[in-house]
Structure formats: C-alpha cells, structure tokens
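The listed protein sequences derive, respectively, from chains V and Y. Residue numbering for the first sequence follows this note's numbering, starting at 561 and increasing by one per position. Residue numbering for the second sequence follows this note's numbering, starting at 77 and increasing by one per position.
There are no misleading hints in this set.
Label-pair ranges, simulated between beta-carbon atoms:
| # | chain 1 | residue 1 | chain 2 | residue 2 | range |
| --- | --- | --- | --- | --- | --- |
| 1 | V | Leu669 | Y | Val206 | 53 to 63 angstroms |
| 2 | Y | Gly95 | V | Arg657 | 21 to 31 angstroms |
| 3 | V | Pro698 | Y | Arg115 | 23 to 33 angstroms |
| 4 | Y | Ala334 | V | Leu613 | 45 to 55 angstroms |
| 5 | V | Glu570 | Y | Ala155 | 19 to 29 angstroms |
| 6 | V | Ala689 | Y | Gly295 | 46 to 56 angstroms |
| 7 | V | Ala689 | Y | Leu154 | 27 to 37 angstroms |
| 8 | V | Leu613 | Y | Ala155 | 18 to 28 angstroms |
| 9 | Y | Gln330 | V | Glu570 | 50 to 60 angstroms |
| 10 | Y | Arg329 | V | Ser562 | 40 to 50 angstroms |
Stretches of chain V that chain Y covers, calculated by requiring three or more beta carbons in the stretch to come under 8 angstroms of a beta carbon on chain Y:
| # | segment |
| --- | --- |
| 11 | 677-691 |
| 12 | 695-707 |
| 13 | 710-716 |
Since the hints were derived computationally from the structure, they do not count as laboratory data. We put the beta carbon where it would ideally sit given N, CA and C, even for glycine.
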Amino acid sequence: MSEFLDEIEECVPPLRRYARSLTRNADHADDLVQDCLERAIRKQALWRPSGPLRAWLFRMLLNIYRNDLRHRRRRPATISIDLVTELPHVAAPQPGRMALAETARALELLPEEQRAALLLVVLEGLSYAEAAEALAIPQGTLMSRIGRARVALRQMTDGRGETRLRTVK
Amino acid sequence: MMSHEPLITDADLQSYANGQLDPERRRAVEAYLLGDEPRAAEVEAFMRQNEAIRALFGSVADEPVPARLQPHRIARVLAMRRRRWLVTAAAASILFAGGIGLGWLASIVATPAENPGEALAYAALEAHQVFAAEGRHAVEVAAAEEDHLVSWLSNRVGEPLVAPDLASFGFTLIGGRLLPFDDAAAAQLMYEDADGGRLTLYITAGGAGAPEVDYAAAGTLHTYYWTSDVLSCAMVGELSPDELKTVATSAWRQLVAAI
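One chain only, chain V, in its complex shape:
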C-alpha cells in the first residue's frame, strides 16, 4: 500500500499541471486531482492496474473532468490577460508574452478532445501508447487529433502577436 502511495505521489505534480492546463483554474484543477487521487486509492483496495500507473491516473482524471463538464455544464474559466502577464518565471529562452497569450487563447478555442490529446503528449510527454491508453482511443485517432490541433493552433496564431480568431470555429 505504502509503495503504491509513493508511486502515486510522484504523479501528483504532473496531474496538477495537466489539470491546470485543461481547466486554467487552480482551484478547480486541484479539486479534480483530489477527486482522482481519492478514487485511485479507494479502488486500489480492490484492484490494482497492471499497466503503467501514470496512464491509469490520467485516464481517471480525464473521466472526472469530462463528467464534470457534462453534468455541471461548467464552462471552463477563460484565461485572463492578467494571468498571462503574471505568467511564469520560466527558464529562458522562452516565447514572448504575446506569443504565450496567443497560444493560451488559441488552446482554449480547440475542441476539448483535441486539446486533451495535444497537452497529454506535448506538456506531459506521454508516449503515443500511454496517451492513447489514457484517452481510451486508438493510436491512429490520437495522432490525427494532435495533427488537427496543431494545424488549428497554427491557423489561429500567426506568431506576430495577433490572434486570428476569426479564421476558426
């Protein structure tokens, strides 16, 4: 049990990061992660996943997130410019703030299934196999979702600090 908890503990920072990228709201994200962890720990008494724990946890988090969206019809909070300008103390070199703000807004306009797939691979660094497992879709579907997400992001951002929002949706 204790070993299992240690393993889960290592996944908490990535889960928080992924949840934050999906919801863009720190409290909502942590609520999702807490729910996910409680379920994982409760389930573990009955059944232990045979595959990688990380994909299993991401899958559970996504299920909770999607149920949440469905039942509460809760529109994810929109990212504010404040948030973007306050943004990170990231190691240089980093894209300019305008490019970041632009990407943040463009991400928000992606269909949820594309965003979930793209972030799992790009932000969380999951392999195709793990990400497909987490999303419960075939690898081919995963790749095409990420491909479409990238093309849409490109169309929405021209890289010069302007978001061409009119070209999408």
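Mind docking chain Y on chain V? Use the hints.
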C-alpha cells in the same frame, strides 16, 4: 545520410514534433528537413507550439503540493472514514440483534459520517469510549484547576468556553483534555456522578453546514449533539435518551450563553 533518401511522411514530421521518434529516425528527419525549407518551417512552428505550451503550464509541476493532494494523507483520511463506518455498522448489528430497531440508525449507516454532525457524534463517542474508561488518566487537567482548564481549552478551540455546571443533575466536573478533530482542536470535559457514572462533553469551534440537533447511539452509549456555525458539541453518556437530552440541553444553553 541524404543518399539513402529515407521516406519521410507527414506522420514522421508530426511524431518528430511530438517527441515520439527513436534517435535514428529523428536524425533521418533532421537530415531531410535540411533540404526541405517549407516543411522545415512547418516543423519549426510545431516546435514553437511545444515551447509555448510548456512555458504556459510547465511551472505548475514545481509548485508545492497542498496537503489535500498528498496520497498518504488521503489514504489515512479514507481509512478513518471507513473505520467510522465499520464501528457504526458493528453497533447497528448489535442493536438489531438485541431487537432494538431504531430508524435513525439505518440512515446513519447508509451515509457514514458524511455530514458534520454525524462526524462530530462519532468523534465524541470514540473519545468517550477511550477516556471515560480510564481511572487515573481520565483527564489531562483536573477540575481543581478549572480556571486554567477552561482558558486553555478556549484558546485552543478558538471560542470562549465554560465548563457547564451540571450539579443539579448530580454530575460534577472532574476535568478535561484537548483532542484533535479533523484539522482543528476539540475539548472534552468529563463529569462524574456519585456512582462513578461518567458523562463527557465534546466541543469544537465552528462546523460546516446547517445547524442541527440530533441523537445517535453505539451500544449502550448515547449522544446528543448540536452543530452551529460557531460552536458544535456532543454529550455522551450511558443515561437514558430522555435524561441525556435534559442534561445535554442544559449544557448547550450554558455554552451558548458564554459565547
């Protein structure tokens, strides 16, 4: 490398940007891109997307993890809830076996300690079971130091408390102790009658949810509890429900008057 003219597909370019290629295939893509400027620009744009996404959210993973997201703590909390449930279930089976079918019990068993009043009642029952059975160590601070006891407990609980006077019911204060309750502190005051029968009063500050007054039991122990958003308390003893209600109501009135 170019002489081999490896076939590079769109999927390869995607996978390259997605960090999914093995080193050999990656080198092949890089070599290919040197000779194809438009597609190199496309891949470059994908790489910028990666950087932007990581710059936006990457730092979240470096933030300190709040206590509520620590798996070991969650496991302890879940175990605690489960333990309470089992205690209640055991109490229920004893009562039903004894032919005492009480309606309220079913509802408590169905929703174990989900509401604040029930959680309080369980904590008070458990604390009573542990400490009322003690002889010399029943209390931490004895009634001889009542002023000190009351001011100490008030400070720790966070509300001005009194030790209710229950002499008219035949109960004398013998002392009290500090206990944990959820993330906060709780006070337990203990009383004794001439026959050595003990009564405890379990008090904590605040309590989420609507005010309620209710009654619960485990075996021969009974408890009356009140919750409010300022103070919540539960009285536990082996009195009959009616007697307990009278004594507990008096104690509650005295506590509320002191706030």
